[in-house]
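There are 2 protein chains.
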Amino acid sequence: MTKGINFALINYLKINGYRTMSRVEVVVGIDIGGTNTVFGFVDRKGNCYYENSIPTKAEQKAEQLFERLFFEISKAQKKFEGKLALVGVGIGAPNANYYKGTIENPPNLSWGKVNVLKLIKRYSSLPATITNDANAAAIGEMLFGIAKKMKNFVVITLGTGLGSGIVVDGKLVYGADGFAGELGHTIVDPEGRQCGCGRKGCLETYASANGIKRTAFELMASTSTPSILRSIPYEKLSAKDIYIAAKKGDKLALECFDITARILGFKLADTVAHLSPEAIILFGGLACAGDLIIQPTKRYLEENLLNVFKNKVKVLQSALIERNSAVLGAAALIWNEMENKA
Amino acid sequence: MTKGINFALINYLKINGYRTMSRVEVVVGIDIGGTNTVFGFVDRKGNCYYENSIPTKAEQKAEQLFERLFFEISKAQKKFEGKLALVGVGIGAPNANYYKGTIENPPNLSWGKVNVLKLIKRYSSLPATITNDANAAAIGEMLFGIAKKMKNFVVITLGTGLGSGIVVDGKLVYGADGFAGELGHTIVDPEGRQCGCGRKGCLETYASANGIKRTAFELMASTSTPSILRSIPYEKLSAKDIYIAAKKGDKLALECFDITARILGFKLADTVAHLSPEAIILFGGLACAGDLIIQPTKRYLEENLLNVFKNKVKVLQSALIERNSAVLGAAALIWNEMENKA
Chain W
2 MTKGINFALI NYLKINGYRT MSRVEVVVGI DIGGTNTVFG FVDRKGNCYY ENSIPTKAEQ
62 KAEQLFERLF FEISKAQKKF EGKLALVGVG IGAPNANYYK GTIENPPNLS WGKVNVLKLI
122 KRYSSLPATI TNDANAAAIG EMLFGIAKKM KNFVVITLGT GLGSGIVVDG KLVYGADGFA
182 GELGHTIVDP EGRQCGCGRK GCLETYASAN GIKRTAFELM ASTSTPSILR SIPYEKLSAK
242 DIYIAAKKGD KLALECFDIT ARILGFKLAD TVAHLSPEAI ILFGGLACAG DLIIQPTKRY
302 LEENLLNVFK NKVKVLQSAL IERNSAVLGA AALIWNEMEN KA
Chain G
2 MTKGINFALI NYLKINGYRT MSRVEVVVGI DIGGTNTVFG FVDRKGNCYY ENSIPTKAEQ
62 KAEQLFERLF FEISKAQKKF EGKLALVGVG IGAPNANYYK GTIENPPNLS WGKVNVLKLI
122 KRYSSLPATI TNDANAAAIG EMLFGIAKKM KNFVVITLGT GLGSGIVVDG KLVYGADGFA
182 GELGHTIVDP EGRQCGCGRK GCLETYASAN GIKRTAFELM ASTSTPSILR SIPYEKLSAK
242 DIYIAAKKGD KLALECFDIT ARILGFKLAD TVAHLSPEAI ILFGGLACAG DLIIQPTKRY
302 LEENLLNVFK NKVKVLQSAL IERNSAVLGA AALIWNEMEN KA
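For the record, the sequence lines run as chains W and G.
Be aware that the first sequence starts at 2, since it is given in our numbering, and climbs by one per residue.
Be aware that the second sequence starts at 2, since it is given in our numbering, and climbs by one per residue.
Rather than coming from a laboratory, the hints here were simulated on the basis of the structure.
Please note: incorrect hints may appear among the correct ones.
One copy or any two copies: either way a pair holds, since identical chains are not told apart in the list.
Pairs of lysine-lysine, DSS-like flavour, derived with a Cα cap of 30 Å [stated by the list, open to error]:
1) Lys150 - Lys172
2) Lys201 - Lys241
3) Lys101 - Lys122
4) Lys313 - Lys237
5) Lys201 - Lys114
6) Lys58 - Lys241
7) Lys62 - Lys315
8) Lys101 - Lys249
9) Lys172 - Lys315
10) Lys313 - Lys172
11) Lys119 - Lys313
12) Lys201 - Lys299
13) Lys122 - Lys84
14) Lys313 - Lys101
15) Lys62 - Lys311
16) Lys152 - Lys114
17) Lys114 - Lys311
18) Lys299 - Lys248
19) Lys315 - Lys248
20) Lys311 - Lys79
21) Lys119 - Lys342
22) Lys172 - Lys62
23) Lys311 - Lys101
24) Lys101 - Lys149
25) Lys237 - Lys76
Keep in mind that this is a model prediction, so the values were computed, not measured.
Use the sequences and the hints to build the structure in full.
Set out below in structure tokens:
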């Protein structure tokens with residue numbers, strides 16, 4: 002009888018226990034972009050076991066995206082059956098609201114307002130959470146990146162626009178309504194460049210991939226500095242073209258980076274006056290320019306700081322820049338959530 | 002035997018227990034100013050049982066101030082013997098650092114750097130804590146004032162300068178070094194007015210008692226608007242004079258308030274973009290002007306807000322304005338501390 006029970010137990014463990022015990026717990030990190038939606042299985046240490054992407058299909062409804070997405074996720078899960086145990090779902094998306102679980106009027110998608118957390122309950126009963134991409138990046142840096150030991154820092158994402166995620170005392174700042182951290186829309190110059198938000202002179206019209214492009218065209222118009230950029234039309238010029246030109250020593254392109262950093266450093270001094278962070282971490286496309294943007298931003302920030310903050314605040318490049326940072330950020334979001342609730 | 006023990010217990014309670022039970026627990030809130038140092042006994046609900054002040058004597062050392070101060074406090078304690086039980090010490094002071102327990106180079110005092118928490122251990126073994134006056138004001142509003150049910154708000158103190166205390170998720174933001182919340186030194190105009198901090202165009206050179214006075218003199222110089230303020234020399238004109246003139250309908254004085262509010266509202270839009278607070282609370286001398294400053298600040302803030310924040314953020318006058326807000330703030334600081342550590 003005792004023997005019998007033991008056999009049964011061993012059989013049970015063989016089928017369930019051993020297998021569960023040897024399975025690695027992962028979450029699925031999902032990054033919803035205007036063109037592609039990327040997802041990946043990520044463990045607590047930030048190791049990514051699998052990654053794939055599907056086209057977002059801007060013309061489709063949100064329901065259709067999530068149906069296609071969870072079909073792909075469950076297909077991928079099957080490949081790892083017995084090896085990976087999926088324990089949570091983290092989503093990063095533009096205009097996502099952490100409190101409400103919604104995405105509202107995302108740029109480049111015709112969704113209107115969608116309650117994503119409600120929607121994905123059709124496909125998964127796992128713990129799930131959502132936030133905007135810049136907030137996800139900040140938690141990604143905290144769990145897997147350069148902010149591992151930091152409690153107070155700000156992540157600035159320099160993509161097409163400028164996003165930001167603020168961490169105070171180890172926690173992301175959401176504010177009263179979930180929309181805190183819109184540093185891209187602090188004002189540099191109320192008479193300045195037209196912004197997509199309807200106002201003028203927002204920081205992101207200067208410090209972003211699109212901002213540096215506008216600066217290049219302003220410089221081409223206002224100076225006679227020769228530049229290889231003068232042969233490229235407005236619609237075709239990218240921040241990467243400016244980077245490549247700068248790397249070759251193109252004076253006008255170098256000036257673009259200097260102006261971008263000067264404006265960014267100037268406004269980040271205000272951010273330091275609010276939050277006194279240990280570090281400001283630059284993330285996203287334009288941050289890949291490395292020292293072309295990091296060093297001058299640091300210098301201009303220092304020049305503009307109140308004495309009490311001088312020589313204290315680090316300006317760092319994201320440590321996730323070579324990896325799929327968006328998926329890692331979304332994964333970090335749900336890991337962080339599950340740990341704080343545990 | 003049993004009877005004997007009961008008697009002893011009753012006697013013990015008569016001497017210690019009953020008395021302790023009927024005594025009201027209070028903390029001493031201390032506000033160190035350049036001219037006077039005020040203190041008061043405040044219970045958990047914000048009732049102040051006693052208040053007094055001594056001259057700070059700027060020429061004396063910190064040690065001498067605290068010796069005189071604690072002598073007065075213990076004298077006052079004796080008056081309330083058996084009625085009040087002192088359980089903590091809260092201190093608000095300019096340039097105080099919460100993390101270090103220090104006051105560093107306070108304006109108008111020749112102290113250098115003083116470790117206040119260490120110093121007062123000579124006089125009291127009670128739990129003690131210190132922070133700058135604006136942070137104390139923020140906690141005062143949270144415990145006893147208009148922010149009682151709020152988790153995310155910003156207090157702006159409009160005194161000689163502009164101070165601020167930021168609350169995120171029910172906790173004061175100190176940042177990496179204890180110096181977060183220096184909104185008075187965010188930049189309105191890098192070519193603007195000379196600030197005491199050595200830089201130019203800081204918000205406090207416009208939005209403060211001293212700022213509105215500078216605005217008055219700028220307007221007297223740049224316009225021909227008749228005004229009763231034109232008879233007062235620079236050294237004598239106070240923000241209160243401008244307030245009284247505005248109340249009488251003096252156009253130039255009214256214009257001063259409008260300009261102050263316009264600049265304050267403009268910069269507070271950046272603060273909202275960082276923190277998305279539920280409310281911004283105006284505190285201190287200039288806030289006593291009530292609707293002359295609150296209403297236009299609210300209007301200009303709205304004009305400058307990113308769409309997602311519009312019609313969400315309250316602009317309120319401090320609820321502590323009629324009471325000794327500085328002592329209440331310092332008292333709230335230590336009550337809050339003791340509760341969070343309990």
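- Same-copy or cross-copy closeness of lysine 311 to lysine 101 [CA-CA at most 30 Å]: Classified as between: cross-chain Cα gap 18 Å, same-chain 38 Å, threshold 30 Å.
- Message: When Cα atoms must be at most 30 Å apart, do lysine 150 and lysine 172 count as within-copy, between-copy, both, or neither?
- Response: Intra 13 Å, inter 21 Å, cutoff 30 Å: intra and inter.
- Task: Have a look at lysine 201 and lysine 241 and pick one of within, between, both or neither, based on CA distance no larger than 30 Å.
- Result: within (25 Å within a copy, 35 Å between copies)
- Could you place lysine 313 and lysine 237 in one of the four classes (within, between, both, neither) given a Cα distance threshold of 30 Å? neither (40 Å within a copy, 40 Å between copies)
- Query: For the identical chains here, do lysine 172 and lysine 62 meet the 30 Å Cα criterion within one copy, between copies, both, or neither?
  - Reply: So lysine 172 and lysine 62 fail the 30 Å test inside a copy (33 Å) and across (40 Å) alike.
- Up to 30 Å CA-CA - lysine 342 versus lysine 119, copy category: Result: close within a single copy only, 20 Å intra versus 38 Å inter.
- Up to 30 Å between alpha-carbons, please classify lysine 315 paired with lysine 248: within, between, both or neither. within (24 Å within a copy, 48 Å between copies)
- Message: Within, between, both or neither: how does the pair lysine 122, lysine 84 come out at a Cα-Cα threshold of 30 Å?
- Response: Within one copy, since 24 Å is at most 30 Å while 59 Å is not.
- Task: Please work out whether the CA atoms of lysine 152 and lysine 114 approach to 30 Å or closer within one copy, between two copies, in both situations, or in neither?
- Result: between (33 Å within a copy, 26 Å between copies)
- Task: Go through the copies and call it for lysine 299 and lysine 248: within, between, both or neither, with a Cα cutoff of 30 Å.
- Result: Within one copy, since 19 Å is at most 30 Å while 47 Å is not.
- Given identical chains, is lysine 62 near lysine 311, meaning Cα to Cα at most 30 Å, within a copy, between copies, both, or neither? Between. Shortest inter-copy distance 28 Å satisfies the 30 Å Cα cut-off; intra-copy 49 Å does not.
- Message: Regarding lysine 101 and lysine 249, is the shortest C-alpha distance of 30 Å or less found within a copy, between copies, in both, or in neither?
- Response: neither (47 Å within a copy, 49 Å between copies)
In terms of the numbered hints stated before, the structure departs from hints 4, 7, 8, 20, 22, 25, listed from lowest to highest.
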